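Using the sequences and the hints, build the whole thing.
From first to last, the protein sequence lines stand for chains A and B. Going left to right, the first sequence walks through residues 5 to 432 as my numbering numbers them. Going left to right, the second sequence walks through residues 5 to 432 as my numbering numbers them.
The set of hints was computed from the structure by calculation and includes no laboratory data. Predicted model only: the values in this text are computed from it and were never measured.
Heads up, the list lumps identical chains together, so a pair's fine if it works in one copy or across two of them.
Listed next, the in silico BS3-like pairs over lysine-lysine satisfying Cα-Cα at most 25 angstroms (straight line): (1) Lys269 - Lys332; (2) Lys316 - Lys261; (3) Lys306 - Lys316.
Protein chains: 2
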Amino acid sequence: MNRSTLTSKCPALAVCCVAAVASIHAQASGPVQKIRASAQFTQASTFIDGDYDRFVKELIALNEIPAPPFKEQARATAYLDMLRQDGLSDVEMDTAGNVMGVRKGPGSGPMVAIVAHLDTVFPEGTDVKVKRQGTRFAAPGIGDNTRGLALMLAVVRALNAGKFPTTSDLLFVGNVGEEGEGDLSGVKYLLRQGKYKDRIKNFIAIDGGDQGNITRGGVGSMRYRVIFSGPGGHSYGAFGLVNPAFAMGNAIARFAKLQVPSEPKTTFNIGAVRGGTSVNSIPSDVSMDVDMRSESCAELKKVNDAFLALVKQAVDEENGVRSTRQGKISAEPKLIGDRPCGETPLTAPIVQTTTAVVKSFGLTPNYSISSTDSNVPMNMGIPAVTIGRGGVSDRAHAPDEWTDVERKGSVEAVKVAMTIILAVAGVP
Amino acid sequence: MNRSTLTSKCPALAVCCVAAVASIHAQASGPVQKIRASAQFTQASTFIDGDYDRFVKELIALNEIPAPPFKEQARATAYLDMLRQDGLSDVEMDTAGNVMGVRKGPGSGPMVAIVAHLDTVFPEGTDVKVKRQGTRFAAPGIGDNTRGLALMLAVVRALNAGKFPTTSDLLFVGNVGEEGEGDLSGVKYLLRQGKYKDRIKNFIAIDGGDQGNITRGGVGSMRYRVIFSGPGGHSYGAFGLVNPAFAMGNAIARFAKLQVPSEPKTTFNIGAVRGGTSVNSIPSDVSMDVDMRSESCAELKKVNDAFLALVKQAVDEENGVRSTRQGKISAEPKLIGDRPCGETPLTAPIVQTTTAVVKSFGLTPNYSISSTDSNVPMNMGIPAVTIGRGGVSDRAHAPDEWTDVERKGSVEAVKVAMTIILAVAGVP
Numbered sequence: 005m006n007r008s009t010l011t012s013k014c015p016a017l018a019v020c021c022v023a024a025v026a027s028i029h030a031q032a033s034g035p036v037q038k039i040r041a042s043a044q045f046t047q048a049s050t051f052i053d054g055d056y057d058r059f060v061k062e063l064i065a066l067n068e069i070p071a072p073p074f075k076e077q078a079r080a081t082a083y084l085d086m087l088r089q090d091g092l093s094d095v096e097m098d099t100a101g102n103v104m105g106v107r108k109g110p111g112s113g114p115m116v117a118i119v120a121h122l123d124t125v126f127p128e129g130t131d132v133k134v135k136r137q138g139t140r141f142a143a144p145g146i147g148d149n150t151r152g153l154a155l156m157l158a159v160v161r162a163l164n165a166g167k168f169p170t171t172s173d174l175l176f177v178g179n180v181g182e183e184g185e186g187d188l189s190g191v192k193y194l195l196r197q198g199k200y201k202d203r204i205k206n207f208i209a210i211d212g213g214d215q216g217n218i219t220r221g222g223v224g225s226m227r228y229r230v231i232f233s234g235p236g237g238h239s240y241g242a243f244g245l246v247n248p249a250f251a252m253g254n255a256i257a258r259f260a261k262l263q264v265p266s267e268p269k270t271t272f273n274i275g276a277v278r279g280g281t282s283v284n285s286i287p288s289d290v291s292m293d294v295d296m297r298s299e300s301c302a303e304l305k306k307v308n309d310a311f312l313a314l315v316k317q318a319v320d321e322e323n324g325v326r327s328t329r330q331g332k333i334s335a336e337p338k339l340i341g342d343r344p345c346g347e348t349p350l351t352a353p354i355v356q357t358t359t360a361v362v363k364s365f366g367l368t369p370n371y372s373i374s375s376t377d378s379n380v381p382m383n384m385g386i387p388a389v390t391i392g393r394g395g396v397s398d399r400a401h402a403p404d405e406w407t408d409v410e411r412k413g414s415v416e417a418v419k420v421a422m423t424i425i426l427a428v429a430g431v432p
Numbered sequence: 005m006n007r008s009t010l011t012s013k014c015p016a017l018a019v020c021c022v023a024a025v026a027s028i029h030a031q032a033s034g035p036v037q038k039i040r041a042s043a044q045f046t047q048a049s050t051f052i053d054g055d056y057d058r059f060v061k062e063l064i065a066l067n068e069i070p071a072p073p074f075k076e077q078a079r080a081t082a083y084l085d086m087l088r089q090d091g092l093s094d095v096e097m098d099t100a101g102n103v104m105g106v107r108k109g110p111g112s113g114p115m116v117a118i119v120a121h122l123d124t125v126f127p128e129g130t131d132v133k134v135k136r137q138g139t140r141f142a143a144p145g146i147g148d149n150t151r152g153l154a155l156m157l158a159v160v161r162a163l164n165a166g167k168f169p170t171t172s173d174l175l176f177v178g179n180v181g182e183e184g185e186g187d188l189s190g191v192k193y194l195l196r197q198g199k200y201k202d203r204i205k206n207f208i209a210i211d212g213g214d215q216g217n218i219t220r221g222g223v224g225s226m227r228y229r230v231i232f233s234g235p236g237g238h239s240y241g242a243f244g245l246v247n248p249a250f251a252m253g254n255a256i257a258r259f260a261k262l263q264v265p266s267e268p269k270t271t272f273n274i275g276a277v278r279g280g281t282s283v284n285s286i287p288s289d290v291s292m293d294v295d296m297r298s299e300s301c302a303e304l305k306k307v308n309d310a311f312l313a314l315v316k317q318a319v320d321e322e323n324g325v326r327s328t329r330q331g332k333i334s335a336e337p338k339l340i341g342d343r344p345c346g347e348t349p350l351t352a353p354i355v356q357t358t359t360a361v362v363k364s365f366g367l368t369p370n371y372s373i374s375s376t377d378s379n380v381p382m383n384m385g386i387p388a389v390t391i392g393r394g395g396v397s398d399r400a401h402a403p404d405e406w407t408d409v410e411r412k413g414s415v416e417a418v419k420v421a422m423t424i425i426l427a428v429a430g431v432p
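Written as structure tokens, this is what we have:
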């Protein structure tokens, strides 16, 4: 998960009848109660209690295999072996580098994809050795998202120990490219091009902290590097020619004046600028890196359209006020990031089922909008939630990241995640 | 010489009586005629004709000692030896790295400084070997200003051969730091801190091409690196905080709208921008490199003041429209270049004397405003001109720079320069 924003507000409640939600929720809680009361659940729970040490061992082992951005392969290969050892079928690595395995249901029904990302934000050479202080484990990436990966493995084993049948097939995926420049590439591939793309009808990402938190909205983002180019020239001798730095400054000044709503939260940023060779030359190229985000697809489109228009206006203005005899200014906004926006309605069965499970464990559900792998299915209309990995963690994306693997909370988290997956997949 | 601008216009003529100039000129031409008619001049001229081969030899030797910006020492040391061999007294290197020697007059009168810069614009590792095609010598720096250095040595020998007494003492200087970032540092030291600073009453820089061209105005420039700093933060999580890139963009947009006169020529430029670490972070620092120039001290001050004011306005505006709860935006304009502006009036004896000499050799005087070592004395009120080294040269500051050392023109150039120096210094 990155750039998370936790909100307890629930926009959908404002537009649908509270009674209807309550009714849907009642429908969801029945199957959850049935699962939790089953003999299989008891059997799986007993297994989970005994599987704790393996969970801890795998958490450490996985974290200590570096997985920098775009360099997840070593960890992916190890994870692929673990999926196979856990008894999944059709274990493989796809073209994008995602690793996955299937737990088949009785028929050839729809499929639920359960994903946890392999990549971290940390560059090559980062010390990823786990430092233990009691149950407090500190290491870059240990919470986000090695704990999600380890949780998923524990869930697979528990499902098998409980011998649960499921209506849907379960596809467990350790995916690449969730963080930063990865731009959700692993899940984009999985859902847009992968072999199961037409079969995945529900999607669960394990990439949050507290299991009461249910991410059902995807903050979308658009990122550009805009290169402003012109003829360049001597600052004194060629004074009067168009200057790309002036065009860029004009664009930035216009951008800075944009009005965006605070709700749905919408943001924009100039993150970096560069260009020019010397103080006494009119630059031939300057560039800026731009990030825009919104909880709302409509607002993201609005800010994006306004941005592209103001770049054009700034370029036209510079070409209008200075000489173009040696050439004009042009600007090329190159898309360098595109995290699709999306939402799974509060009334969607996947949200209500997850809510029912969370409540059944005595947790308080809390809906959030964030930027996770679930953005991609949400944008495609595939019901999706991002759920927590449990336990207390902090300092994600910082070198002093840590997670607490205290036994009781850790085993409970496996039970919660297993129950969500079962309830979403359906137990006949 | 760098960034030269040659103009034949003569602003001073508009404000002073043409007849008065003519009268001053008549006063100047008498002594010139006397010098040229003297037995010493005949003797020196004969010497110059015979000294041509040494001039060529020294031109090549000096050019092949690299003198990159801030790394003039090897050439300076060699030049110091040559000044000593030419019979000057008090030969020494000063703290700035300038090398110099004195040719005393009969008393302890005022001093005329004659300077030629040692440095080139070319970086270390540039091939400075002279490629000869007949009398066409090609090499980086060969015209600007190795030819000036070689000319000066030939003048010193000719003065001695002619046994000319001079009213003023002559200080011959090979100076550092004329080009680019050197920022005229050698001459600034010489005139502001050097041991002769209070004695130099006239100043002649040898750093032009055609000897008809007399630089009597100094284009001033002010250069800044402005660093805009702020608290930084996450582009989404901390959205709403002040952003230094927005402040800088605002400043650039305001700067781009400044109105400056085309005459006296006044210019401004953003030459480079940089800063920020990632697209999804609000930068903590961004910077821009700014260059402003003018033929007029008053206009340079105007554009400089306007620039500093608009930087402040842009910073204040950013601090006003976004949150400063994590800290404010600040901007620090750091002066990275300061070439003082200045002018020697057309009516000044040094200009009229130079004009008379140039005319006496059948050349057409042409007054220009440029940026040379003479900027410094002009700004201090010390009468100064920059004169030509003679010969045909081209492609200064380019790797294919060349100069033609055709014999007739080369020896004539030494005579012109010698006569200017004598006339300015006075021959009793």
